[in-house]
Amino acid sequence: MSVIEFSHVSKSYSIYRSPADRLKEVLTLNRRSFHRDFWALRDLSFDVRRGETFCIVGENGCGKSTLLQIVAGILQPSGGQVAVKGRVSALLELGAGFNPEFSGRDNVYLNGAILGYSRAEMDQKYTEIREFAEIGDFIHQPVKTYSSGMLVRLAFAVAIHVDPEILLVDEALAVGDVYFRQRCMRKVHELRARGITILFVSHATADVKALGDRAMWLDHGKLRQIGDTEKVVTEYLVAMSQKDSDYLEHHKEPEVERAPVTAPEVVHTLPNQDRRFGDGRAEVLGIQILDARGRPIGALEPDTSIIVRVSVRAKANLPLPIVGFMMRNHLGMDFAGTNTAREGYQIPGMRQDDVHTVDFHLDLPTLYASTFSFSPAIADGTLDGYAICDWVDHAVALPMMRTEAPIYGHIHLRCRVELDARLNADQPVVSRA
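For the sequence shown, position 213 matches number 213 in the working numbering, and the numbering has no gaps at all.
What the hints contain is simulated information worked out from the structure, not anything from laboratory work.
A virtual CB, placed ideally from N, CA and C, is assigned to each residue, including glycine.
Treat the hints with care, as some may be off.
[What the hints assert, rightly or not] Label-pair ranges, simulated between beta-carbon atoms:
1) Ile407 <-> Glu165: 48 to 54 Å
2) Gly195 <-> Glu265: 56 to 62 Å
3) Arg293 <-> Leu331: 28 to 34 Å
4) Ser7 <-> Gly61: 21 to 27 Å
[Unchecked claim] Computed cross-link-like contacts, SDA-like style, restricted to lysine to any residue with a CA-CA straight-line distance of at most 20 Å:
5) Lys315 <-> Ile347
6) Lys187 <-> Thr127
7) Lys85 <-> Leu115
8) Lys125 <-> Gly136
9) Lys187 <-> Asp163
10) Lys187 <-> Lys231
11) Lys85 <-> Gly51
12) Lys315 <-> Val238
13) Lys315 <-> Ala292
14) Lys315 <-> His268
15) Lys315 <-> Asp279
16) Lys231 <-> Trp391
17) Lys231 <-> Arg214
18) Lys243 <-> Arg224
19) Lys243 <-> His203
20) Lys125 <-> Phe102
Using the sequences and the hints, build the whole thing.
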């Protein structure tokens, strides 16, 4: 059952060049227009089911906040139909719904009255709201004296304690400190488990992935994509990474002659190419697994050092190249992986036909005897958003040698055993053989 339905909804704002133009339009009784229309939303249709956590992503100015304000009843659409079934509690931009001259306590009761609660009902909720907000005696001070963090604490405490059937959460949580933000996210998860319908807007894509049952991507007021959260967020991040790459490409500094670089040792070995994908702006030339002295190996040995060598070539300009690999076990499960960005190494921007060889020096732990494959890749972007240029699944596979001692589970952790040791910081630690 849908509790929120948008059918061909549009919202426009009148933009005037000056206050005088607004007055001229009033004096002519709107017979002459002195403004231009800015369309925050255009022909938007979607629905949100009861108990669903529905996330909305998009760039600043794409219409996310306008959409939430329409759901909350703060704004009316310029066109289309909106149906909202249930009590709505909203945490929108800072200070929304609060009177700055009133104290925090007065604003708690004011918000309750707006939602139809009697004073006696709010008396029962007030203690929980005050304790969750944790702003101390400031709750008796005018809201205009609050910091942004204190304001969001009180606003969120009110929003979640008025028994909402539909909770709207905008980017306001981003201003909170880490401690309070974690409490808020736990509360959102709790409400989600109770079947409360949640509309969640955030630029924190990790939160969106953790919370969302479905996600919608807004682009300049229009629906760009809607569906599975993981897929929508991934497509959105890829688009943002591409936009950033295009920006860097068109705003790059004038090129200067680069100093000659010694040609790298290039690997051209790709034993397996069953599945390969990417946008084609770069390619993986080869991968080798070497021992610590740079010699090719035919098997992995526990507790040894290896080098994963990956050679790549750019087929177009890459402002932010990332090279990495994924290590998988015999079941095809991602076991471990890394990349240059994750390790804090920024590869210089690559131009067409540039070739690099990246060496990853690894210390292997004690792993169970199995076969492990390595999938090399090159991407363009950042850890938060990137586009895969070339990925080669299971390019090379090597067996892991057995160990004399048994391995319980998948990995044996490095361990030191002590008996009857004193761990008091004021006393020396005594180990016994």
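Below or equal to 20 Å on CA atoms is what counts here, so check Lys315 against Val238. holds (19 Å)
Given the hint that Lys315 pairs with His268, test it: the Cα-Cα distance must not exceed 20 Å. Since the Cα atoms of Lys315 and His268 sit roughly 16 Å apart, the hinted pair holds (cutoff 20 Å).
For a C-alpha distance cap of 20 Å, please report whether Lys85 and Leu115 respect it. At roughly 14 Å apart (the allowed maximum being 20 Å), Leu115 and Lys85 satisfy the hint.
For a C-alpha distance cap of 20 Å, please report whether Lys315 and Ile347 respect it. This hinted pair holds, its Cα atoms lying about 16 Å apart.
Return holds or violated for the Cβ distance of Gly195 and Glu265 against the range 56 to 62 Å. Taking Cβ atoms as reference, Gly195 and Glu265 lie about 59 Å apart, which means the hint holds.
Please verify whether Lys231 and Trp391 have alpha carbons no more than 20 Å apart. holds (18 Å)
Taking the beta carbons of Ile407 and Glu165, is their distance inside 48 to 54 Å? holds (51 Å)
I want to verify a distance hint. Is the separation of the beta carbons of Arg293 and Leu331 within 28 to 34 Å? holds (32 Å)
Hint check: Lys315 vs Ala292, CA-CA at most 20 Å. Holds or violated? Outside the cut-off at roughly 31 Å; violated.
Please test the hint of 21 to 27 Å on the beta carbon pair from Ser7 and Gly61. holds (24 Å)
Taken at face value, is the distance from the CA of Phe102 to the CA of Lys125 at most 20 Å? Answer holds: Lys125 to Phe102 is near 19 Å, not above 20 Å.
Hint consistency between Lys243 and His203 [alpha-carbon to alpha-carbon, up to 20 Å]: holds (16 Å)
Comparing the model with each earlier hint shows violations of hints 10 and 13; every other hint is respected.
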